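Protein chains in written order, with the UniProt record's numbering: chain A, 1 to 59; chain B, 1 to 210.
The set of hints was computed from the structure by calculation and includes no laboratory data.
Treat the hints with caution; some may be incorrect.
Simulated crosslink set (DSS-like; lysine-lysine; CA at most 25 angstroms straight-line) [said to hold, decoys possible]: (1) B:Lys24 with B:Lys147; (2) B:Lys24 with B:Lys115; (3) B:Lys147 with A:Lys31; (4) B:Lys84 with B:Lys45; (5) A:Lys31 with B:Lys24; (6) B:Lys137 with B:Lys64; (7) B:Lys45 with B:Lys24; (8) B:Lys84 with B:Lys24; (9) A:Lys31 with B:Lys64.
Bear in mind the structure is a predicted one, so any value in this text is a computation, not a measurement.
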Amino acid sequence: MMRGWVIVVGCAVLLAGCQEDGAPRPIHIEKGVYQGTPDTPRSEDELRALQQRTATQRF
Amino acid sequence: MARMKFLCDAERCIECNACVTACKNENEVPWGVNRRRVVTINDGKPGERTISVACMHCSDAPCKAVCPVDCFYQTEQGVVLHNKDLCIGCGYCFYACPFGAPQYPQAGNFGTRGKMDKCTFCSGGPEEDMSDAEFRKYGRNRLAEGKLPLCAEMCSTKALLAGDADKVSDIYRERVVARGFGSGAWGWGTAYQTKNGQERDQLRERKQGQ
Numbered sequence: 001m002m003r004g005w006v007i008v009v010g011c012a013v014l015l016a017g018c019q020e021d022g023a024p025r026p027i028h029i030e031k032g033v034y035q036g037t038p039d040t041p042r043s044e045d046e047l048r049a050l051q052q053r054t055a056t057q058r059f
Numbered sequence: 001m002a003r004m005k006f007l008c009d010a011e012r013c014i015e016c017n018a019c020v021t022a023c024k025n026e027n028e029v030p031w032g033v034n035r036r037r038v039v040t041i042n043d044g045k046p047g048e049r050t051i052s053v054a055c056m057h058c059s060d061a062p063c064k065a066v067c068p069v070d071c072f073y074q075t076e077q078g079v080v081l082h083n084k085d086l087c088i089g090c091g092y093c094f095y096a097c098p099f100g101a102p103q104y105p106q107a108g109n110f111g112t113r114g115k116m117d118k119c120t121f122c123s124g125g126p127e128e129d130m131s132d133a134e135f136r137k138y139g140r141n142r143l144a145e146g147k148l149p150l151c152a153e154m155c156s157t158k159a160l161l162a163g164d165a166d167k168v169s170d171i172y173r174e175r176v177v178a179r180g181f182g183s184g185a186w187g188w189g190t191a192y193q194t195k196n197g198q199e200r201d202q203l204r205e206r207k208q209g210q
C-alpha cells in the first residue's frame, strides 16, 4: 500500500516537472522561430558610430 | 545601415595569427575552442595564400536552418547569434557550417559536447548588454561599446576587415583598383550569395516585400 503511494507521489512530482511555465526552456518548438530572450537592438547613433569606425580601416 | 560582414584580403594576410590570439584574449574563450583560425591554402606551393576564418554571419545561415531547438537568431545588422540557454549541443550546426565555425568546449562521456561556441562578431548574446552573464557566456560586447570586432581592429596589415558591408566592400574595391588585381573576397560567395550570384540579402528583402 505504502509503495503504491510512493509511486503515485513520485509520478506526480515527475509530471509537475513537465509544466511549461516551470521549465527553463521552451517545450513546444515552432520550427524556425527563435523563442529565447530577445537581444537588445542597437540605436541609430550607435550604428552611425560603427559605420564611421568601419571607414577608419582604410589604409 | 547595411549589414555587418567580415572580409579577409588574402593578398594582405601575413599569417601572424594575431587575430586568433586577440579573439581568444578578448573573449576569454575556453581551452580547446578557437573562434577564429588562420588557414593556409596551397601550403608550400606556388599561389600559397592564408586567410583568417571564423563565423561569416551568413545571410541565409545553414546553422540556423538545421538547429533542432532554434537557438539561433539574426540581429537587424545580420549578425548570427545563438542562445546558450537553449543550445543542446547536438552538433548539427557544426556539420552544416561551410566554415567550420561552431566549436564545442567539452568532449565528455556519452557524446556530450557542451554548449556550442562561435564568433559573435564581438556583439555578445541575448543577455543584458555588457553584463557579467553576457561576458561569461558569449564574451565581450564590443558593438555595444561602439567598437568593431577586435580581430579586425587590431589586424596590423588590415587584411581582415569587419563592419558595415558597404564600407568594407568600398575599401576592398579601392585596394583592387590600386593594385590592379584582386584575390577574391574569400568566403563571400558561400556566405552571402546564391548559386546564380544574387545577393541573398536583396533576395530576402524582395521576398518579404511580396
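The hints, checked one at a time:
In summary, the hint linking B:Lys24 to B:Lys147 is supported, as the alpha carbons are separated by about 17 angstroms, within the 25 angstroms threshold. For the hint pairing B:Lys24 with B:Lys115, the CA-to-CA distance comes to about 17 angstroms; that is within 25 angstroms, so the pair holds. Taking the CA atoms of B:Lys147 and A:Lys31, the gap is near 34 angstroms; set against the 25 angstroms cutoff, the hint is violated. For the proposed pair B:Lys84 and B:Lys45, the alpha carbon gap of about 41 angstroms is over 25 angstroms, so the pair is violated.
With a C-alpha separation of about 33 angstroms, the suggested pair A:Lys31 and B:Lys24 falls outside the 25 angstroms cut-off, and the hint is violated. Between B:Lys137 and B:Lys64 the CA atoms are separated by roughly 19 angstroms; this keeps the pair inside 25 angstroms, and the hint holds. Using a Cα cut-off of 25 angstroms, the hinted pair B:Lys45 and B:Lys24 is violated, with the two alpha carbons roughly 30 angstroms apart. For the proposed pair B:Lys84 and B:Lys24, the alpha carbon gap of about 18 angstroms is at most 25 angstroms, so the pair holds.
The suggested pairing of A:Lys31 with B:Lys64 holds, with an alpha-carbon distance near 11 angstroms, which does not exceed 25 angstroms.
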